[in-house]
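Each chain, written out:
Number of protein chains: 2
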Amino acid sequence: MLDKKNAYVVAVAGATGAAGREMVEILEERNFPVAELVLLASERSEGERLEFKGKNRTVKRLSRESFKGVDIAFFFVDAARSLEFAPAGVQSGAVVIDNSSAFCMDPKVPLVVPEVNPHAIAGHSGIIANPDCSTIGMAVALKPIHDAARIKRIVVTTFQSVSGTGKKGMDELAQQTVALLNFKDVAINVYPQQIAFNCLPHIGDFLDNGYTMEEMNMVNETKKIMEDDSIRVAVTTVRVPVFRCHSESVNIETDKKMSSNDVRAILSTAPSVIVYDDPKKNIYPLAIDVAGKDEVYVGRIREDESIANGINLWIVSDNLRKGSALNAVQIAEHLVR
Amino acid sequence: MLDKKNAYVVAVAGATGAAGREMVEILEERNFPVAELVLLASERSEGERLEFKGKNRTVKRLSRESFKGVDIAFFFVDAARSLEFAPAGVQSGAVVIDNSSAFCMDPKVPLVVPEVNPHAIAGHSGIIANPDCSTIGMAVALKPIHDAARIKRIVVTTFQSVSGTGKKGMDELAQQTVALLNFKDVAINVYPQQIAFNCLPHIGDFLDNGYTMEEMNMVNETKKIMEDDSIRVAVTTVRVPVFRCHSESVNIETDKKMSSNDVRAILSTAPSVIVYDDPKKNIYPLAIDVAGKDEVYVGRIREDESIANGINLWIVSDNLRKGSALNAVQIAEHLVR
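Note that the protein sequences, when read in sequence, are chains A and B.
Residue numbers for the first sequence follow the working numbering, so the first one is 34 and each next one is one higher.
Residue numbers for the second sequence follow the working numbering, so the first one is 34 and each next one is one higher.
It is worth saying that the hints were derived from the structure and are not from the lab.
Treat the hints with care, since some could be wrong.
A pair counts as met if it fits within one copy or between any two copies, since identical chains are not told apart.
Below, in silico cross-link-like pairs of lysine-lysine (DSBU-like), each with a Cα-Cα straight-line distance of 30 Å or less [unchecked claim]:
#1 93 / 290
#2 217 / 314
#3 88 / 38
#4 93 / 185
#5 256 / 141
#6 256 / 326
#7 101 / 88
All values derive from a computational prediction rather than experimental measurement.
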């Protein structure tokens, strides 16, 4: 793993983005043993300052030379930049925890959700991949059910917030909303279509099979993290005009019959899961309530009477925390344990 | 059916609501043979004026005496008012086409989507029910597939716009959005939770089985309209911060294997369906584009590789037109044909 130290030199690449900023906050919140924090970003953000433990730190330009002396490098950049710079981090001796899709399905790279497959961390060769934000929330909630009753099939439709696209996605939703409420023309820059007051069944590029990259990522990453290729997964991913948190409508078919109370009992003791499920009292997870929370919230748990062993669930998690920066820090906590 | 006439006395109960106003426009657009138009609403809206064919008409108060001489009465009021006033319409000799949930599952009342089960109209005893707006869009798109390949199971998650709750729902979304963008507190009146920048897995009251009324309506109405109780349906209904049109992520399992091209071919000749499906050119149905359209738009048609005979679809229809007023007028057009 990593040499045992009292504290580690930590780099954050993409520090000025939405997930990068969250990362810096979470490192402080969780009191991660940071000896020195190296903030890295593209040329555009070079020289910006971010606060960490009461001190302003200057953001430096990400380069192949950025990683000298770095023990752990968190990457919150796009896949192309991860492919370009992560190997330099590894060559400098850092362990890279990468949040892009670049290495997720690389068989030599562990893809880790610490609540689900922490043992995979030990097999790394310098890079550990952080899964897609939608996959993480679902895997945390479904793994305990899979262990108890074996999940045969998942049909999931997502409601993904614009912060999944970073700060620019949040700005676009805000700007388009203001424009529409003032009867002005909407500028479309970040998404392929208007996102304000609209739902886009389009996240990531389309592949030849008609699915998007995001949809196939959820299919493939779920199998890899759960370490079970027999799980069948059908996915539709949708961007919704919500700032933060991804919600998921999930239908599962299990091998063993589970009542909704069985599922509630299993999830109520599962790590990082909060069962929030008393619908007659209007208690079910909502994106606006889960924002800023570390746990994955599960509600609307109910038996699906359309098949013998079916359950419906509504899963909400903070895509910037558990879906991204928090999961990455939790991987690092395992590394330094 | 109805006595043959050149033109009919038509009443619209709930004329000042979102669907009622749409109704008046559609009667004019389609040149429905209206001899006289009687606009009815609650005491609150009595005296308002609505334009029909270039003339302002005054809205009268809905009462049991409103229907003397009326041939066709369209009801766009809540279920309690439909139960109270529809029988008076029938007693006065009118055929009532009711848009509430009051009579949908009454075995003596036909529940009709003219593209799906027009023959059911003939069996009415004074009342014909207009299905739930979410059910209509799905039934129009799925019936031709059911006829060709027999649908065994449907797993659907909806993205329903606030106009499904009427004008007050649209006002609430607009007001909450403005409040949030001005850093003010949000007033919650119409929905149980904030709808602006949020998704609510809660439409209609919760039942003892954990499902909402809206979800069970979609299960039961789909079977009744498709006239096939063997179809198994799992539903999650979600309110989204969109003003108009309902989108649906639909996964179906068929008895006979269908390729995505088979489905496109069948739907491209189906009545009231537009296949809008060329995702690599960013062509797929969107709520903002389908608003004001009569047809049901279907895209993202792709084989579901998680089962032998599975298809995923993304269905969007205008809940105020095909999902409500237009479907009601089309029923009336069959009545007077």
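Now the hints, each set against the structure:
For the homomeric pair residue 93 and residue 290, neither the shortest alpha-carbon distance inside one copy (55 Å) nor that between copies (56 Å) is at most 30 Å. Taking CA atoms no more than 30 Å apart as the test, residue 217 paired with residue 314 passes between copies only; the shortest distance there is 26 Å, against 40 Å inside one copy. Within a single copy, residue 88 and residue 38 get their C-alpha atoms as close as 23 Å, which meets the 30 Å cut-off; across copies the closest is 84 Å, which misses it. When the C-alpha separation of residue 93 and residue 185 is checked against a cutoff of 30 Å, the pair qualifies neither within a copy, at 47 Å, nor between copies, at 58 Å.
With identical chains, the CA atoms of residue 256 and residue 141 are at most 30 Å apart within one copy only, with a shortest distance of 15 Å there and 49 Å across copies. For the identical chains of this complex, residue 256 and residue 326 are intra-copy neighbours only, at 26 Å inside a copy versus 41 Å across copies, given an alpha-carbon limit of 30 Å. Only within a single protomer do residue 101 and residue 88 lie at most 30 Å apart by alpha-carbon distance; the minimum there is 22 Å, versus 80 Å between protomers.
Violated hints for the displayed structure, listed by number in ascending order: 1, 4.
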